[in-house]
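2 protein chains.
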Amino acid sequence: MEHNLEDSIAVLRRTPAALNALLRDLPESWTASNEGENTWSAFDVVGHLIHGERTDWMPRVEQILNFGESRAFEPFDRFAQAKQSQGKTLPQLLDEFARLRSENLENLRALNLRPEDFGKKGKHPALGVVTLSELLATWAAHDLTHLHQISRVMGYQYRDAVGPWKAYLGVMHCTGHGA
Amino acid sequence: MEHNLEDSIAVLRRTPAALNALLRDLPESWTASNEGENTWSAFDVVGHLIHGERTDWMPRVEQILNFGESRAFEPFDRFAQAKQSQGKTLPQLLDEFARLRSENLENLRALNLRPEDFGKKGKHPALGVVTLSELLATWAAHDLTHLHQISRVMGYQYRDAVGPWKAYLGVMHCTGHGA
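Going line by line, the protein sequences match chains A and B.
In this text, residue positions in the first sequence follow my numbering: the first is 1, and each later residue adds one.
In this text, residue positions in the second sequence follow my numbering: the first is 1, and each later residue adds one.
FYI, nobody ran anything at the bench for these hints, they're computed from the structure.
Below, a sample of chain B positions facing chain A; criterion: calculated Cβ distance under 8 Å:
no., residue
1, His3
2, Arg14
3, Ala137
4, Ala140
5, Ala141
6, Gln149
7, Gln157
8, His177
Each pair of labels, with its calculated beta carbon distance range:
no., chain 1, residue 1, chain 2, residue 2, range
9, B, Asn34, A, Glu116, 31 to 37 Å
10, A, Glu74, B, Arg24, 33 to 39 Å
11, A, Glu116, B, Ser29, 20 to 26 Å
Remember, it's a predicted structure, so these values are computed and weren't measured experimentally.
A virtual CB, placed ideally from N, CA and C, is assigned to each residue, including glycine.
Please model the entire structure based on the sequences and the hints provided.
What follows is the structure, encoded as structure tokens:
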């Protein structure tokens, strides 16, 4: 499946509602628990998604369009949410994520990207040359990676409760792959 | 985290809405694609969840309460959905799953389970002795395993589109664990 703007937007605009349906008002035993030291809870992941909306995806789109490969992207701070989510509730974070995502997708539409834009290049600080098309596909796939992570982190909380069925539950055998 | 009926119901009642928000009216390039021969698409997974609502979870709850360990559960047919989903659309399956889940949770509530019920035992045809508590925890964790799977199957469709970012996306490195 090649990257296609409408396919990416179709995922990007659904993620806030999907996370809202899954997580809002869920007991904290599910949403505040992680997989052990230096791992993330569902609450942490939503904070990370918010930080991406603010500092990563659309700023990088604009940088590719305005500066091409002449300037590397700012590195993305994967730990910024620890400070930024402090004192907030999960429903507040879900609302903030939905609002920012909606604004970003409006801004993306307003760019009126043409087919020839998708091959434009930018410079990732670690990965090197990347295209606008790869950036947009990654924005959507990044949502999926964190939905995958949230379901895994939640599943982990029941790793003992399921008894011998653990053997059959794939989510209990996912080792996280650093994400 | 020990099994707790309210925690399990909290997940079980959210799954249909979460899948609905994620999948309804999403392009078929996402929902009808799988990970290769003998693997499932998101469409197949929703059919599998429906079959579980009809034949697996509540019938096994009732069997534990009525017969204990004296009779092994019917084996669960993991491939029944291929036939049963035929000719249906994904929105129809999402509606059917939501209706069946809602009915099953009403029936579960109507059992008025008491603390002493959760230790009651049943016989799994392959795993041997299991408890009612483990069955209920597994019902919830099974939702999470399939949410984990759906996000992985969707992510797989963009494995090339994301270019070098693939290295950073955990969902692209999950090998499925047989689920």
